[in-house]
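Asker: Taking the hints into account, I'd like the entire structure generated from these sequences.
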Amino acid sequence: MTSSRPAQNSGGSRTSSPGLAVAAVARRLGVAPATLRTWDRRYGLGPSGRTAGSHRRYTPDDVARLLVMRRLTLEGVAPVDAARAAVEAGDAELEVATRTAPALPAVQVEGEADDADEDFEEQFLGTVEVPDDEADDELDDETDDPLAADTDEDDDPAPAPGGERAEEPRGRARLRALPGGATGGGAPASPGGPRSAASPAPTSGRVSALVDAALAYSRTACDNLLVLGPDGDPATWWTELVEPAWLRLSERTVLAGPGEMPEVVLATSALRALRHYIEEFERVMVEAGGPPANHPSRMRKIVLVFAAPDEVVPLSAHALAAALAAQGSMARIVTGPASTHRSVELVTMVRPTAVVLATTQNKPDLDVVHAVNESYPELPIFVGLRADAAATELPFGPTVQRVRSFTGLLHEVLAVIKAR
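Numbering (the working numbering), first residue to last: 309 to 728.
Honestly, the hints are just simulated from the structure, not real lab data. Just to be clear, a hint being listed does not mean it is correct.
[What the hints assert, rightly or not] Now the in silico label distances, taken between C-beta atoms and shown as ranges:
1. Val-388 <-> Ala-596: 42 to 52 angstroms
2. Asp-541 <-> Gly-338: 13 to 23 angstroms
3. Gly-398 <-> Ala-723: 29 to 39 angstroms
Cβ atoms here follow ideal geometry from the backbone N, Cα and C, with glycine treated the same way.
Answerer: This is the structure we're talking about:
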């Protein structure tokens, strides 16, 4: 893989350091120096800083990309895909990688690697032993004290975001998330139904950065990663970024402090991104001569989105409403208490084109579906259900349909809207 690394950020705090030697970076990442040389030779993730009469040095941006690379490989991403994601990582991802770096487990800190360590790094980090002649240019760096390059005052590493040193970030210690049983039992329920197919790396790297930002309780980083412009696609944004991040987060066990909930950080930023997207989308539409959101012409084919009784409205309901808006359709999400009687009253008042039940539960209460179907048997009703067992409790009829995926749900609703 040839290097196509973006230009270094000349204004960011990560680029003010004169650079680190290979041994210092190896210690920071917890890998052997041979691993770094392999990543440089194979994937172009090498040191980019050089001063006259000295070896090449790793800049803070170089280190941040290596942190992204190592985290992804430890998560099971193929080294070539992890490297591509690291090369293409943006400033927000690099800042998150730098901030959350202390949580990375060490594979090998110093000393000679035994066979088990080498096998592990070969399998998971994509490394091979480097011949002696290829290591000559780094010999001095490796034989020196790994911290010797940082003893001079002028060689202090650049501060990380928030004024912290990149080499030894300050701040209170936090017990980090423990990966759940990825190969074990069933995964927790998705916020919008079935799990989407895995998205390719660089998206995988962005998902990982989003998970790390939520675990670091960084609202700003989450906001930056979740920006959805007026030309964006809410459906793709949900299925390739937010839903995978939510699923990964739901598989983690976190020992959090008071007021700390990673899921709330992610959900709040996602809702904020959707709200800003709709505001900008409506502004552009009105400026182009289209009717405003409350115009009667846009309320004729409205979709009502319910959550299951006694369930907090899932994020997927908001993503679905935004995706429908992007296709020129109007949707309204029913929040607050919605008993069967009140749900039927809402349908009577709004007269929607279709009704959707979005739920994260494996066996949700389907009383609302039954009540609406009995009162309006011709009204299309779509129910997003992951578990097959719950599907047997749906009303039997041509207008009630169980849908397994977010994309399928969106397409089915759009088809009904266009047919009416």
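Asker: Now tell me, hint by hint, if it's right for this structure.
Answerer: Against the structure, the hints:
1. Taking 42 to 52 angstroms as the suggested C-beta distance range, the pair Val-388 and Ala-596 conforms, at roughly 43 angstroms.
2. Between Asp-541 and Gly-338 the CB atoms are about 38 angstroms apart, so this pair departs from the stated range of 13 to 23 angstroms.
3. Checked against the hint of 29 to 39 angstroms, the C-beta distance between Gly-398 and Ala-723 comes to roughly 36 angstroms, which is consistent with it.
Checked against the numbered hints given earlier, this structure breaks only hint 2.
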